[in-house]
Amino acid sequence: MSRELIVNKIKDGTVIDHIDAGRALYVLKILGITGREGRVVAVVMNVESKKIGRKDIVKVEGLKLKKEQVDKIALIAPHSTINIVEKFEVIKKYKVRVPDILEDLLRCMNPNCITNQPREPIKPVFYLQKESPLVFKCKYCGAKLAQDEIIRQLIGE
Amino acid sequence: MRRDVLSIMDFSKEELIALFEETKRIKKELEERTTLNYLRGYVMATAFFEPSTRTKLSFQTAMLRMGGEFIDLPPEEASSRAKGENFADTIKMLESYADVIVIRHKLEGAARFAAEIAEVPVINGGDGTRDHPTQAMIDLFTIFETLGRVEGLTIGVIGDLKYGRAARSFVLGISKFKPKKLYLVSPPQLSLHDDVKEIIIENGVRFEELTDLKQVIADIDVLYVTRIQRERFPDPLEYERVKGSYRVGLDILSGAKSELVILHPLPRVDELDLSLDKTPYAKYFVQAKNGVPVRMALLKTILKG
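Residue numbers (the working numbering), protein chains in the order written: chain W, 479 to 635; chain Y, 565 to 869.
Bound conformation, chain W alone (with noise of 0.2 Å):
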């Protein structure tokens, strides 16, 4: 019997699947769930996976994601895939991708960047260096902003 019928099917809604194992609890936190909605969620972690050894599963019943939150989902866990379900059938399946460039989303790490300075009308703009492991680079002073850094600002630690 396969590991993923351990949950039953959502009718309507999105799973969330091959999260890097044990960050499911992220993607729920980004994406505001706190159980409290009163929606059906299903959370399967640290799961055999074909692909990337071990992976968490999210399910949540009547969740569309929106573009930014599939850029946050990518950012913490950038092997996802993103299953649209309707009437129990998946009717759209994709990879999330990890942003370019992310603009006004995280803050810079170097406290003499000109993006922390109060009172001034800029916004920290990011590129993407390196996918794996996950590394962005500062538009403005260059420093480097890795993997644990962007979890720890996107949940908000």
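Hints are computed from structural coordinates only; laboratory data are not their basis.
Quick caveat, the model's predicted, so the values are computed rather than measured.
Please note: incorrect hints may appear among the correct ones.
[As the list claims (entries may be wrong)] What the simulated footprint calls covered on chain W by chain Y, stretch by stretch (three residues with Cβ under 8 Å from a Cβ of chain Y suffice, anywhere in the stretch; the number is not a length):
id: 1; segment: 588-599
id: 2; segment: 616-623
[Stated by the list, open to error] Cross-link-like lysine-lysine pairs, in silico, DSSO-like; alpha carbons within 27 Å at most:
id: 3; chain 1: Y; residue 1: Lys670; chain 2: W; residue 2: Lys601
id: 4; chain 1: Y; residue 1: Lys761; chain 2: W; residue 2: Lys608
id: 5; chain 1: Y; residue 1: Lys647; chain 2: W; residue 2: Lys601
id: 6; chain 1: W; residue 1: Lys615; chain 2: Y; residue 2: Lys577
id: 7; chain 1: Y; residue 1: Lys742; chain 2: W; residue 2: Lys615
Using N, Cα and C, we set each Cβ at its ideal position, and we do this for glycine too.
Guided by the hints, dock chain Y onto chain W, whose structure is given.
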């Protein structure tokens, strides 16, 4: 087309060589006349938010000797910044007055931000610990002029390679000219940033990091000396321990090539012994003097193409 000068990385080797040729022509013309007319009617603004002697004065001299004029942002206490005016508004004001803006700022990325705000070209006169592109142009030109080439040399860079923007910009600049070997001599805590190392590796430059210059001095064609600042060491005792190893004097130079070129972006404190000044190695005053013609050539290139 408008051209900003934010980092030495924005210039190709060919563009740098063209700039050096232009500098040579300008130097030749200056032998005949004290002032040239290429930039008559142009106004340059210097906005130095951090102290500077050479960079600011040489930019201002360069503009005057090109027949142009300059305005200078007064120190903070005498300007609207004392009333709390932000950087962006200051730049907006300057771009409405001047044809080009030269900026120095303690914050990294300040010049890039200014270039986004201003319609007129922005030249980075040094920001934070990262970029000082015009200093690197002067350093490379001095090598070009002294040795007749920049390509394929064995280069030593000694001092604070981590926080020193002149050293960092020089390393990035020289790497475009395929050095035979690059020796990076510094205390381990002041070694070159990984991001610069990644770039020089991408450029296929062979380099070696070491703490003792003596081992390699005999190989070196150009020695670039920079200052190690006491405040970079959390422990003052540690500074006292290492500073002697990064002081260049006649003793260290025994065994050096007779045509060795020593450069220093200046100001120096005691990392470069005064006894070197009269040796044929010393090219740092020539280098400082080159600040004017290189910046003349750069201003002409930026404003007139």
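Okay, the hints, checked on the actual structure:
no., hint, verdict
1, 588-599, "holds (count 9)"
2, 616-623, "holds (count 7)"
3, Y:Lys670 x W:Lys601, "holds, 19 Å"
4, Y:Lys761 x W:Lys608, "holds, 16 Å"
5, Y:Lys647 x W:Lys601, "holds, 24 Å"
6, W:Lys615 x Y:Lys577, "holds, 24 Å"
7, Y:Lys742 x W:Lys615, "holds, 26 Å"
Comparing the model with each earlier hint shows no violations; every hint is respected.
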